[in-house]
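**Q** Letter by letter, the chains look like this.
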Amino acid sequence: MPEVVDPRGDGTILARLRGVEMAFPTRGWLGAEPPVKILQNIDLEIRAGESLALVGESGGGKSTLARLLVGLLKATAGSVEVMGYDLSRLHRNQRLPLYRQLQMVFQDPSGSLDERWRGRALLSEMRRLHGLDAEDETLIRLLTEVGLSADTLERFPHQLSGGQRQRLALARALAVEPRLLIADEPVSALDLSTQAHILRLLRQLQAHRNLTLVLVSHDLETVAACCDRVAVMYLGRIVEVLPAGHLRRARHPYSRALLDSLPSSRPSERRLRQAIVGEAPSFRQPPPGCPFQPRCGVAEARCRQQVPVLEADADGNRLACHYPLSS
Amino acid sequence: MVIFILRRLGQLLPVLLGVVTLVFLLLHFIPGDPVDLMLGEQAMATDRQALRSALGLDQPLWKQYGRYLSGLVRGDLGLSVHSQRSVSAEIWSRFPASFELMVGGLVVALGLALPLGTAAALRPRSWIDGGAMAVSFLGVSIPNFWLGPLLILAFAVHLDWLPVSGRGTWQHLVLPAITLGTAMAAMLSRLVRASLLDALGDDYVRTARAKGLTASRVVLGHALPNALIPVVTVVGLQIGGLLSGAIITEAVFAWPGIGSLLLDGIQSRDYPLVQGCVLVVALIYVLVNLLTDILYAWLDPRVRLA
Amino acid sequence: MKGSAIPTKPSPVGGRRRWLTALGPAARVGALGLALFVVAALLAPWLATSDPLEIRLEEQLRPPSVDHPLGQDGNGADILSRLLFGARISLSIGLTVVLISAFIGITVGLISGYYGGPLDSLLMRFVDILLAFPGLLLAIALVAVLGPALSNVVLALAALGWVGFARLVRGQVMVLKERPFVLAAQTSGASDGRILLLHVLPHVLSPVLVQATFGIAGVVLAESSLGFLGLGAPPGTPSWGAMLSEGRDVLFIAPHVSIFPGLAILLLVLALNFVGDGLRDHLDPRRQGLGGTS
Ligand SMILES: Nc1ncnc2c1ncn2[C@@H]1O[C@H](COP(=O)(O)OP(=O)(O)OP(=O)(O)O)[C@@H](O)[C@H]1O
Ligand SMILES: [Mg+2]
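Chains as they are written, first to last, in the numbering used here: chain A, 1 to 327; chain B, 1 to 306; chain C, 1 to 294.
In short, the hints are calculated from the structure, not lab data. Don't take each hint at face value.
Chain B stretches covered by chain C per the calculated footprint, using a threshold of three residues with CB under 8 Å from any CB of chain C [as the list claims (entries may be wrong)]:
| no. | stretch |
| --- | --- |
| 1 | 14–20 |
| 2 | 27–39 |
| 3 | 131–142 |
| 4 | 150–163 |
| 5 | 276–283 |
Okay, derived cross-link-like pairs now, DSS-like style, lysine-lysine, Cα gap no bigger than 30 Å in a straight line [to be verified]:
| no. | chain 1 | residue 1 | chain 2 | residue 2 |
| --- | --- | --- | --- | --- |
| 6 | C | 177 | A | 37 |
| 7 | A | 37 | A | 74 |
| 8 | C | 177 | A | 74 |
Stretch-level coverage of chain A by chain C, calculated; a stretch enters the list once three of its residues show a Cβ under 8 Å from a Cβ in chain C [unchecked claim]:
| no. | stretch |
| --- | --- |
| 9 | 99–111 |
| 10 | 121–133 |
Positions of the beta carbon are idealized from the N, C-alpha and C atoms, including for glycine.
Isolated chain A (complex conformation) (with noise of 0.2 Å):
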């Protein structure tokens, strides 16, 4: 199988995307109108075996960038390389291969299961579409594996509760036992305890199996508890990379709000939005310079004039800031 290798040696690289842009069409009085760039300069690379974290605030682009990770969407600018393959101009023969590989997770559990197919059903059209055996000894296997008995076989998607479901679309993902997982916000719609279950589960799959996952979420405890590394998002950019371990020493004014807004107890999204000042701005009149310019406390002229670019320091952490905090 194709695979990209780091130059610098430090580990196989599953994925990169460079100057990745996604813009969609928009319409407007007049029909068309100029598209909105929702994604900008998009520069990233993802590592085997690591669990990167993809934060920001609600309609910063995380999900549109998970889209584009796994080719459901198509970048319009940029190059995004999966498992080797050119997702920009995947070939159809490609589709299967790639999958193989790489599988997604997605926010809504009751969604992405198809409501008229039993557990069987689903996992097992999975392991046939890729050659594999689909045994319900294997199959059992499966749900053991994610913490469901075997009686979901038999089960249709409105007879699970929502955390079994996220668990059966979860087996339903590792079935094909991919590299790549990219997860958008899997736990966001379930109930607290759940959400910890289903961490924990990741956590350990991601040891068990070796699988290199992707993230998405917009709760920084979450991050911190299961991932290695953490890129933060802010209105379509990237503006901080930086270790797990090192969040409390976030260097970019948005990535430290995102923390000060952490209260003692659980965070909810709201409370995070109060914490920031003034309301995100809009993809459609995105504001001059630093994106986060408008709300951040330590702005200067320079930041109303120049985008700050995405440089990696001495420690190999990467931060787009004219004038960032000291750690």
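Given the structure of chain A, go ahead and fit chains B and C with the ligands onto it with the hints provided.
**A** This is chains B and C with the ligands only, laid out in the frame that chain A set:
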């Protein structure tokens, strides 16, 4: 609003061109030689040739098409094979009759649907409601070509109150208008009922009620105007049904409108006439739909932005 | 088609047996009536008391009698027997046209809705053009140029009928293709054909079924309308439309010749509309009102 109208007109152009093209091609869907069909097998060769060149059939297709289009722009729909009169003049002479029938049908439809639907909505689930809805179900399913003859038998033959067929006095219009309007009345009464029930649940109606206005005041003054907005669109959409129904109705009552002209044309294989009638009726339909859209957008500003 | 008719409640597979009773009383009456018509059509050769094509000129236009409960037509043939055989023609034309239309419409709708883009625009422009003609008008025009024959009636009605299905399916697919379970099917590596057939199509079948029911009613009406105008089956055929057309000439001397075929059409259309309405309310309780069968 102006922008909205311009945009709608812009969308309309390709549709109009398509309609014209389809009608033009109609003549070429005829299996065999249209000239043979029109003149019969035993016609003289010279006559045939004359008709062929009059229709432009001896020219390549794209030239015929160009000729057809340039004729249309000048309002020229060609000559009727039988009467040798211009097709547009023939159609124009039938226009008043068709218009009269359509207006009659529409008056019957609205005149039945508004009271019936309102009465049903005021007392939902009562016997009035049930009866009104049963009547409307029947009305939707009753074919024009059956209702017409029944009405003739009852009111023209047995009771002898109204004329059997033809056009002239207002009495001539009564039965055709009822025949034409019934199906639409049935459909509209259900719609009036549903959209009135919707409106009655809205906040402003409740407020009006709370202010102590009587039920009928509330309905007539507040709920009905709002409930009528969707009715406008559906009336527009159903004009197509009305136009189709008019063809049948004209046939039943020997009503001298465009529908009868079309059927005469078909009967005598006067294809230029058939094409002209089909085109004109389709254009009327497109125009009415455009007007409905504009009216709807004017009544409900949300649509303009969609 | 405003709002999607995709059932939001979980699919009641266990409840499929209660399906008929779950329909309202009107729909049950409709289903019963429809069943009667179907049985009559199937058993026509055994139920008919005489040959529908029989010619007995000495008994022409006789009113209803004990031997001929619905009377005799211009050829002296038994109207009841002709109606029974006519049910075959009407139902099979209705079914054929709707099957062809649904097949074309579903295919176009799936492709148009799923892929979008220029192909979709092109197909939808074409649909707009066909919809710019009031329904029956284009059918009349087509049969007029193709020549009066039942096969041409089927052709003309199917050439127009698919449009409704295509629009319906396209609208549903555009909503469905954004739903996570379809996205999940895409990231399973399945081919587009498989996704469309196995994951998308089953979810549009319910509204298609409703539309098909109204569609049959519409075709029955259209076929008899064409027949009434002399544009359907050739004279003599025991088709309801042709019978009406014959009855038209003798309306004043023998009204029974056109009254009974008209009644049969009315009852069949009524039954189909009842069933369609009931199905719709059952499959999607949010929507109400009558579908277009003018
Ligand atoms: N298909 C699309 N067409 C147009 N705009 C889109 C499309 N998909 C997403 N967007 C826009 O892109 C922006 C980012 O959406 P996205 O779903 O990626 O955000 P997110 O970070 O995942 O937010 P959330 O936390 O709420 O899930 C939103 O403003 C959304 O309206
Ligand atoms: Mg999201």
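**Q** Can you take a look at whether the stretch 99–111 of chain A is actually covered by chain C? Rule is 3+ residues, C-beta closer than 8 Å.
**A** Contact hint for the stretch 99–111 of chain A vs chain C: holds, 9 residues under 8 Å.
**Q** In terms of beta carbon proximity below 8 Å, does the stretch 14–20 of chain B have 3 or more residues touching chain C?
**A** holds (count 5)
**Q** Are there at least three residues in the stretch 131–142 of chain B whose beta carbon sits under 8 Å from a beta carbon of chain C?
**A** holds (count 6)
**Q** Please verify the coverage claim for the stretch 276–283 of chain B: does it have three or more residues whose C-beta sits within 8 Å of some C-beta in chain C?
**A** holds (count 3)
**Q** Just to make sure I understand the rule, a stretch counts as covered if three or more of its residues have a C-beta closer than 8 Å to a C-beta of the chain. Does the stretch 150–163 of chain B meet that for chain C?
**A** holds (count 4)
**Q** Are three or more residues of the stretch 121–133 of chain A within 8 Å, CB to CB, of chain C?
**A** That given contact holds, which follows from 4 residues of the stretch 121–133 of chain A lying within Cβ reach (below 8 Å) of chain C.
**Q** Starting from residue 177/C, check that the Cα of residue 74/A is at most 30 Å away, please.
**A** Given pair residue 177/C, residue 74/A holds - Cα atoms ~16 Å apart, limit 30 Å.
**Q** Hinted pair, alpha-carbon criterion (30 Å max): residue 37/A, residue 74/A. Please report holds or violated.
**A** 13 Å, holds
**Q** Between the stretch 27–39 of chain B and chain C, are there enough contacts, at least three residues with CB-CB distance under 8 Å, for the coverage claim to hold?
**A** holds (count 4)
**Q** Take the C-alpha atoms of residue 177/C and residue 37/A, compute the straight-line distance between them, and say whether it is at most 30 Å.
**A** 22 Å, holds
Consistency with the previously given hints is maintained throughout, with no hint failing.
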